[in-house]
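If you read the sequences in order, they're chains A and B.
Counting in the working numbering, the first sequence runs from 1 upward without gaps.
Counting in the working numbering, the second sequence runs from 1 upward without gaps.
Hints are computed from structural coordinates only; laboratory data are not their basis.
No residue lacks a Cβ here, since even glycine has one placed at the ideal position from N, Cα and C.
Check the hints yourself; a few may be wrong.
Pairwise CB distance ranges, derived in the manner of DEER restraints [what the hints assert, rightly or not]:
hint : chain 1 : residue 1 : chain 2 : residue 2 : range
1    : B       : Arg9      : A       : Glu25     : 39 to 45 Å
2    : B       : Arg152    : A       : Trp10     : 53 to 59 Å
3    : A       : Gln27     : B       : Met302    : 18 to 24 Å
4    : A       : Leu30     : B       : Glu151    : 51 to 57 Å
5    : A       : Val312    : B       : Lys184    : 18 to 24 Å
6    : A       : Arg349    : B       : Pro287    : 51 to 57 Å
7    : B       : Glu151    : A       : Val312    : 20 to 26 Å
8    : A       : Asp285    : B       : Arg303    : 37 to 43 Å
9    : A       : Val312    : B       : Val129    : 39 to 45 Å
10   : B       : Pro287    : A       : Ser282    : 42 to 48 Å
11   : A       : Arg300    : B       : Arg132    : 41 to 47 Å
12   : A       : Arg335    : B       : Glu340    : 39 to 45 Å
Derived, one-sided and incomplete: chain B residues facing chain A with beta-carbon distance under 7 Å [as the list claims (entries may be wrong)]:
hint : residue
13   : Pro24
14   : Ala200
15   : Pro201
16   : Ala204
17   : Gln208
18   : Ala221
19   : Ile251
20   : Tyr254
21   : Val296
22   : Met302
23   : Thr309
24   : Asp310
25   : Val311
26   : Pro314
Protein chains: 2
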Amino acid sequence: MPSSFETLRWRDGAIEMLDQRALPERQVYLSFDSAAAVAGAIRDMVVRGAPAIGCAAAYGVAVEAKRISGETRAQFENSMDAAFETLKASRPTAVNLFWALERMKTRLQASSSTTVPDSASALLDEAHVMCREDVTLNRRMGVHGAALLPERSRVLTHCNAGALATAGHGTALGVIRSAIEAGKHVAVYADETRPFIQGAPLTAWELQQDRIPVTLIADNAAGFLMSRGNIDAVIVGADRVAANGDVANKIGTYQVAVMAHRHGIPFYVACPLSTIDLAIASGADIPIEERAAEEVLGYREMRWAPVGTDVVNPVFDVTPAELVTALITEEGVVRAPDREKIAALFRSRTTT
Amino acid sequence: MPSSFETLRWRDGAIEMLDQRALPERQVYLSFDSAAAVAGAIRDMVVRGAPAIGCAAAYGVAVEAKRISGETRAQFENSMDAAFETLKASRPTAVNLFWALERMKTRLQASSSTTVPDSASALLDEAHVMCREDVTLNRRMGVHGAALLPERSRVLTHCNAGALATAGHGTALGVIRSAIEAGKHVAVYADETRPFIQGAPLTAWELQQDRIPVTLIADNAAGFLMSRGNIDAVIVGADRVAANGDVANKIGTYQVAVMAHRHGIPFYVACPLSTIDLAIASGADIPIEERAAEEVLGYREMRWAPVGTDVVNPVFDVTPAELVTALITEEGVVRAPDREKIAALFRSRTTT
Numbered sequence: 001m002p003s004s005f006e007t008l009r010w011r012d013g014a015i016e017m018l019d020q021r022a023l024p025e026r027q028v029y030l031s032f033d034s035a036a037a038v039a040g041a042i043r044d045m046v047v048r049g050a051p052a053i054g055c056a057a058a059y060g061v062a063v064e065a066k067r068i069s070g071e072t073r074a075q076f077e078n079s080m081d082a083a084f085e086t087l088k089a090s091r092p093t094a095v096n097l098f099w100a101l102e103r104m105k106t107r108l109q110a111s112s113s114t115t116v117p118d119s120a121s122a123l124l125d126e127a128h129v130m131c132r133e134d135v136t137l138n139r140r141m142g143v144h145g146a147a148l149l150p151e152r153s154r155v156l157t158h159c160n161a162g163a164l165a166t167a168g169h170g171t172a173l174g175v176i177r178s179a180i181e182a183g184k185h186v187a188v189y190a191d192e193t194r195p196f197i198q199g200a201p202l203t204a205w206e207l208q209q210d211r212i213p214v215t216l217i218a219d220n221a222a223g224f225l226m227s228r229g230n231i232d233a234v235i236v237g238a239d240r241v242a243a244n245g246d247v248a249n250k251i252g253t254y255q256v257a258v259m260a261h262r263h264g265i266p267f268y269v270a271c272p273l274s275t276i277d278l279a280i281a282s283g284a285d286i287p288i289e290e291r292a293a294e295e296v297l298g299y300r301e302m303r304w305a306p307v308g309t310d311v312v313n314p315v316f317d318v319t320p321a322e323l324v325t326a327l328i329t330e331e332g333v334v335r336a337p338d339r340e341k342i343a344a345l346f347r348s349r350t351t352t
Numbered sequence: 001m002p003s004s005f006e007t008l009r010w011r012d013g014a015i016e017m018l019d020q021r022a023l024p025e026r027q028v029y030l031s032f033d034s035a036a037a038v039a040g041a042i043r044d045m046v047v048r049g050a051p052a053i054g055c056a057a058a059y060g061v062a063v064e065a066k067r068i069s070g071e072t073r074a075q076f077e078n079s080m081d082a083a084f085e086t087l088k089a090s091r092p093t094a095v096n097l098f099w100a101l102e103r104m105k106t107r108l109q110a111s112s113s114t115t116v117p118d119s120a121s122a123l124l125d126e127a128h129v130m131c132r133e134d135v136t137l138n139r140r141m142g143v144h145g146a147a148l149l150p151e152r153s154r155v156l157t158h159c160n161a162g163a164l165a166t167a168g169h170g171t172a173l174g175v176i177r178s179a180i181e182a183g184k185h186v187a188v189y190a191d192e193t194r195p196f197i198q199g200a201p202l203t204a205w206e207l208q209q210d211r212i213p214v215t216l217i218a219d220n221a222a223g224f225l226m227s228r229g230n231i232d233a234v235i236v237g238a239d240r241v242a243a244n245g246d247v248a249n250k251i252g253t254y255q256v257a258v259m260a261h262r263h264g265i266p267f268y269v270a271c272p273l274s275t276i277d278l279a280i281a282s283g284a285d286i287p288i289e290e291r292a293a294e295e296v297l298g299y300r301e302m303r304w305a306p307v308g309t310d311v312v313n314p315v316f317d318v319t320p321a322e323l324v325t326a327l328i329t330e331e332g333v334v335r336a337p338d339r340e341k342i343a344a345l346f347r348s349r350t351t352t
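Could you build all of it, start to finish, from the sequences and the hints given here?
So, in structure tokens, the structure goes:
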């Protein structure tokens, strides 16, 4: 059951991205041919979701390398250093961004004895591989996670950790897709996820494309539905997971986790190993991005708050590991995650 | 410090209400001259907030009585019965609506031996008295509640329990106004309160009118701010409080209460006795209104969810008494409310 749309695609020597800001009204692909343009697209949320940001950044490196492949080796290396910095500065919280850039940098260094065009070609190959790998590992994560869901289940999700947040299949929504492929009956409740409202135009849209039942709710209604026994499980994605299992994800995730805990509802986090940052000891050390006040004062071009209203707009929060029933990774499920179990997962992984 | 606007006012023989749907852009008063028109205004949320709905309903009775005061006594009584039913059906959750209608019905019955015009006049007097009483008791509630706040405090509120939700001063925001009048330094964090977004155009607007510092946040950010130590107390209003202290209030209140409990932050509910429904044993028996899907699919004329998206839109939830640090009433503060303490409060009250 491949999704009926592509989040990112390579076309005519440039990276194209589905403009997620135009959904659900229009399905438009925008084309980017430089690292600066891709960094702008990440910053402006043409593309969002930690794994998709990682893929976009990889293509940002590749497209930049292609663009400047007429330069001398020394010029090229300097320009690429600047491109890496530009892409790195696009968003602060998603670790996949840094992970993807590190991997591209390693590939660049490995190709340093070849011609510049060969380096550019190697970087494009690497970006393609990373995106294919992302889909593959989402499918592996999906199989592991699907086993956790009952035959019939009503699953709450927050934000969009779907095909739109990855190169395909999705993380949290990938688990749901895999469960449905395995014959389970899953109905989704989607938090609308203010302020950016990923739930309505992204999660509801993407599930409808694949004919998966979805009911949209205000973020405020999640606890009420839990109290009425309407939610069997929660699955969310992650932007960064600390070495101890603390999870940074879209603002409001923490509240959902606390409510699930209160109601004895399992709270699952679908996260590829690339999202787990062993260099970060705990959630307290994860930088939390603040975005513009405009996002809270209204939505897109509409403004409903009084002029001059003060706003704070943190867009991620940290869910402590104690509230996480299990991490779902491509290497398997880690129940009640902690530092030791996560370290063991990395030691035993079958892929690198 | 009277507020610089009026939520309801009697002008030229009709009841005028500030059209809260037009805020913050325009400060427009709409005029209503029949019970059906007032019921429509309540249903369509020209006016909202349990105490203000009660006052509006009282004026709805008064304006109807005036409109049909040329009828015979028998016709008049029949028409008024119908008017009471129409007003009663306007909103299901706010108990003040039913309380206000009962009180007007009692006044009508007490005037049954007079002329119809005299009855109409008595009903208008009663509506005026009820609105003045509402302001008075909000001020008494404010004094009791203000004593609970530290000299410097950052107070989170949800929805709008302000002057705009009452005949004046407000319940939750009345406590904040009274604390400021008493020389305390209070800064407010206002949840935006999806789906109707009372937080931005109402709470932020009304506090700005009175130059009270307010910072608007997405509902999803409340738990994060608590986890960072940025909130000293929560104060909300109530639409209906059960005899055991369970509180029905705007959807999302329950989540705020759970988060406050987790972080050891006091959670206060400002509620006049008219909001406490002794006939309801517990929150499980409080009917919860569901409103139209459109409220979640977008906002006002804007639509951002895909066409045909399923929605559930409960607009109130129930916070169990165990999460309520104290009820703040005009008769005093009830800490850790339960059935016995609430019954005692009613027995000892100084006004009826």
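Evaluation of the provided hints:
1. B/Arg9 / A/Glu25: 39 to 45 Å: 42 Å, holds
2. B/Arg152 / A/Trp10: 53 to 59 Å: 57 Å, holds
3. A/Gln27 / B/Met302: 18 to 24 Å: 20 Å, holds
4. A/Leu30 / B/Glu151: 51 to 57 Å: 53 Å, holds
5. A/Val312 / B/Lys184: 18 to 24 Å: 22 Å, holds
6. A/Arg349 / B/Pro287: 51 to 57 Å: For B/Pro287 against A/Arg349, whose Cβ atoms are near 53 Å apart, the range 51 to 57 Å holds.
7. B/Glu151 / A/Val312: 20 to 26 Å: 23 Å, holds
8. A/Asp285 / B/Arg303: 37 to 43 Å: 41 Å, holds
9. A/Val312 / B/Val129: 39 to 45 Å: About 43 Å separates the Cβ atoms of A/Val312 and B/Val129, which means 39 to 45 Å holds.
10. B/Pro287 / A/Ser282: 42 to 48 Å: About 44 Å separates the Cβ atoms of B/Pro287 and A/Ser282, which means 42 to 48 Å holds.
11. A/Arg300 / B/Arg132: 41 to 47 Å: Distance hint for A/Arg300, B/Arg132 holds at roughly 44 Å.
12. A/Arg335 / B/Glu340: 39 to 45 Å: 43 Å, holds
13. Pro24: Holds. Min distance 4 Å.
14. Ala200: 4 Å, holds
15. Pro201: 6 Å, holds
16. Ala204: 5 Å, holds
17. Gln208: 6 Å, holds
18. Ala221: 5 Å, holds
19. Ile251: For B/Ile251, the interface hint holds, since the closest Cβ of chain A sits about 4 Å away, which is under 7 Å.
20. Tyr254: 5 Å, holds
21. Val296: Because about 6 Å separates B/Val296 from the closest Cβ in chain A, which is inside the 7 Å limit, the hint holds.
22. Met302: B/Met302 check passes; min Cβ-Cβ to chain A is 5 Å, inside 7 Å.
23. Thr309: 5 Å, holds
24. Asp310: 4 Å, holds
25. Val311: Holds: closest Cβ of chain A sits about 5 Å from B/Val311, inside 7 Å.
26. Pro314: 5 Å, holds
No hint from the list above goes unmet by this structure.
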